[in-house]
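There are 2 protein chains.
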Amino acid sequence: MTKQIILQAFDMTAANHNAHGLWKHPENRRHREYKSLDYWIELARLLEKGKFDAIFFADVLGVYDVYGGDEKAALRDGVQVPLNDPAFVIPAMAAVTKHLSFAVTVSTSYEQPFHNARKFSTLDHLTNGRVAWNIVTSYLPNAAQNFGMDKMVKHDERYRIADEFLEVSYKLLEDSWEEDAVISDPETGVLVDPEKVHRIKHKGTYFSVEGPHVSEPSPQRTPVLYQAGTSEKGRDFAARHAECVFVGGPTPEKINYYIEDIKARAEAYGRSRDEIKAFTFLHVVVAETEEKALAKYDEVKHYWSADAAKAQYGGSTGYDLASYENEEELFTYKHTEQGQSRAAYLTKDAAKPFTVKEIQEKFSQPAEMDIIIGSPEQVADKIEDFFVRSGVDGFNLTHYITPKDLHDFVELVVPILQERGLYKKDYADGTFREKLYGHPHLAAAHPAKQGKRLGQN
Amino acid sequence: MTKQIILQAFDMTAANHNAHGLWKHPENRRHREYKSLDYWIELARLLEKGKFDAIFFADVLGVYDVYGGDEKAALRDGVQVPLNDPAFVIPAMAAVTKHLSFAVTVSTSYEQPFHNARKFSTLDHLTNGRVAWNIVTSYLPNAAQNFGMDKMVKHDERYRIADEFLEVSYKLLEDSWEEDAVISDPETGVLVDPEKVHRIKHKGTYFSVEGPHVSEPSPQRTPVLYQAGTSEKGRDFAARHAECVFVGGPTPEKINYYIEDIKARAEAYGRSRDEIKAFTFLHVVVAETEEKALAKYDEVKHYWSADAAKAQYGGSTGYDLASYENEEELFTYKHTEQGQSRAAYLTKDAAKPFTVKEIQEKFSQPAEMDIIIGSPEQVADKIEDFFVRSGVDGFNLTHYITPKDLHDFVELVVPILQERGLYKKDYADGTFREKLYGHPHLAAAHPAKQGKRLGQN
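So the sequences go chain by chain: A and B. According to this note's numbering, the first sequence is numbered sequentially starting from 372. According to this note's numbering, the second sequence is numbered sequentially starting from 372.
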């Protein structure tokens, strides 16, 4: 069977996500309706109609306050603010769907593993195993300030914290409750067999968690694990823990290079390369004809806000573009305490510096990477070409006019991809992990499965 | 108009809450279905049909491990374990209701104020202003161990932490965003007016939070505030912050005494006594006839588990009843680091000690306080009598066979209370706070409103 595209809607429970300035478009609804359950319920139904595998919720825990030295530009254009907690729309969306899954971002830098484990166990129970956790270590300096720190923990240490956070999570989610701990036998009067529930007694460098976990084993136990780091530490972390990774790059071939790199690293850790699915972004402007699509793209450019794009870039890289001269050169990776790598998306060659002027020009238009623009057939052609050449398993589909663009994609592009056999006509049964990998729990070679079972010596 | 009863269902997203052993009853469904959205959606519809004002979710962050020195008794009988995070059923229940409100417990001892403020802003947006926060400082020693502490913070310090937690919360929820900060004007291109969003710059003893808040003002801004402390510190805290308080006591008159005490304390803080509503528990066993109700109560007693009750008592008071002799006397308030006061429910006179044997006997039957048992008319009579004599504003209705008992109450008792004018026939419009007090935001005299507005000098 032809390999089929895994499709996710890339979203955020905010007035605006990455479609900077597009809230001004007369047909955009999200900035007004993101606060209402009805909006998300309607979206869930649309995505399930379009056989989307999942909706992926990004998240941040502060404001973008680097560009120009404060958060004014970010507020003015609504750069990921105002923003709600993404996890709470999931139960309402799950209630009206059967197959759509939900990936939600949680930072290991500002959350407690015990809270987080209970949150994901709960969501996994309520959705019948349709949740995924996008593991991030957070990049906004303002987020650190919101959680009692004067400045951010350094990049490498953030990954050490994340590693221990995962270790605690595995102990709670995988090891604390044996599969048959819940008996519910009215004859013997035993609801839970106390011999099958174990304290985890974790005492580490960053966390101390006694346990036991309080939630019983959920369909997937550990949610499907996503990770998006592109730094050296980030890719190493992904190779050990992640089941789905995000890979960015200037060309399909470069993306393929990164995918192979992560899969090779995973193999070096004893995992199967097939237990990692790779995703990249997909930017589409589609309409009934090429002419209409180009006209739609003109509208997108018309409403685009370069200032908002720079505000987001500032918060996510630490570079304040307002404080550099045009001809100054910036390196792809900013080697600071923050150690961000977002600038990698901007250049074909990660080792080559670029000028501030080049970046400014990049942000004057609506995407850092190529946008696929055209008629439904043209768009399907380009998606197919990109899919084959890059070797990705799936896409995170962005949108400019929300939710209209998702609607158009479902109506115009999905049927063609289905016709070509590149996209499913029906969902597979089971949990999200079963749909992706055919088994409900983490693979046997995953590090979460390597620990000695608690209480079983 | 006659004062009307405010009615809440007392619940927990756990296999069992306080109906110890009743999961064994053949008609009990909760222990099997609490993990499913369908269960909570059905319950939401039932409660709105019965014109319940709210569902109140208790919560704990650990296991009951004092009785017998470990958590075995608690696990065996499912004493508030297995347990999910209560907040996540709210959006799905809100989506199928219009008026039912949702009170959810969050501990100020183990949560971060920034996370918590965003959580409640989100829930308040998604429910159109139908959320309340039950503020607790937590009593389980195991919870402390799950959040990196070897033992619990002492009782009085927990309240100092709670005070500062509330201060930060008010700054984020009330002061950070001015009411008209969100402009959404495509003409000027301004989504949020940056001059009307303020950093809170909180630097205190326990928390340091820079802000600004990331969520825009929700219908109620601050959720309706509940508090249940009965200790000296707890009542003082309630008098300052709470809009709804829980009061326990052996007789209606004793409950009335506590209510008057808290209202007097609130007045001393410059608040109106009318801005505090008092609740107590309501235990009911009702059936079509008195005979059937007594038979139903026999079933409740048959399935009751004294061991489970002792396990819960152990965790919430610190007293391990397995380690005392029958004739030993325990004082109502245990003056330990934990400083719990649950034992107050057990005696008519708070200053009088009671023997371990007396407590053991108390736990051999299904309630610490009187259960109202009888035909619908008999139950309505007793509720009316209790309501008038105690001066409470409302009840937290418990249930033994779940959700059957709530069903029976809605079918059998609600119509009679409505007929007598003691209970509403229709909901009032608006947010939860508007339904309770006629205004959407905290009252002007509430301490949250006394702070100098940020950025406005």
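Calculated directly from the structure, the hints in this document are not laboratory data. Ideal Cβ placement from N, Cα and C applies to all residues, glycine included. You may find that some hints are simply not true.
[To be verified] Residues on chain B that point at chain A, a partial pick, calculated with CB under 8 Å:
{"no.": "1", "residue": "400"}
{"no.": "2", "residue": "403"}
{"no.": "3", "residue": "792"}
[Unchecked claim] Only part of the chain A face toward chain B is listed, based on derived beta-carbon distances under 7 Å:
{"no.": "4", "residue": "519"}
{"no.": "5", "residue": "619"}
{"no.": "6", "residue": "783"}
{"no.": "7", "residue": "786"}
[Claimed, not checked] Some chain B residues well away from chain A (every beta-carbon gap over 10 Å; in silico):
{"no.": "8", "residue": "493"}
{"no.": "9", "residue": "519"}
{"no.": "10", "residue": "538"}
{"no.": "11", "residue": "634"}
{"no.": "12", "residue": "700"}
Here is how each hint holds up against the structure:
no., hint, result
1, 400, "violated, 12 Å"
2, 403, "holds, 7 Å"
3, 792, "violated, 34 Å"
4, 519, "holds, 4 Å"
5, 619, "violated, 25 Å"
6, 783, "violated, 26 Å"
7, 786, "violated, 30 Å"
8, 493, "violated, 4 Å"
9, 519, "violated, 4 Å"
10, 538, "holds, 15 Å"
11, 634, "holds, 34 Å"
12, 700, "holds, 31 Å"
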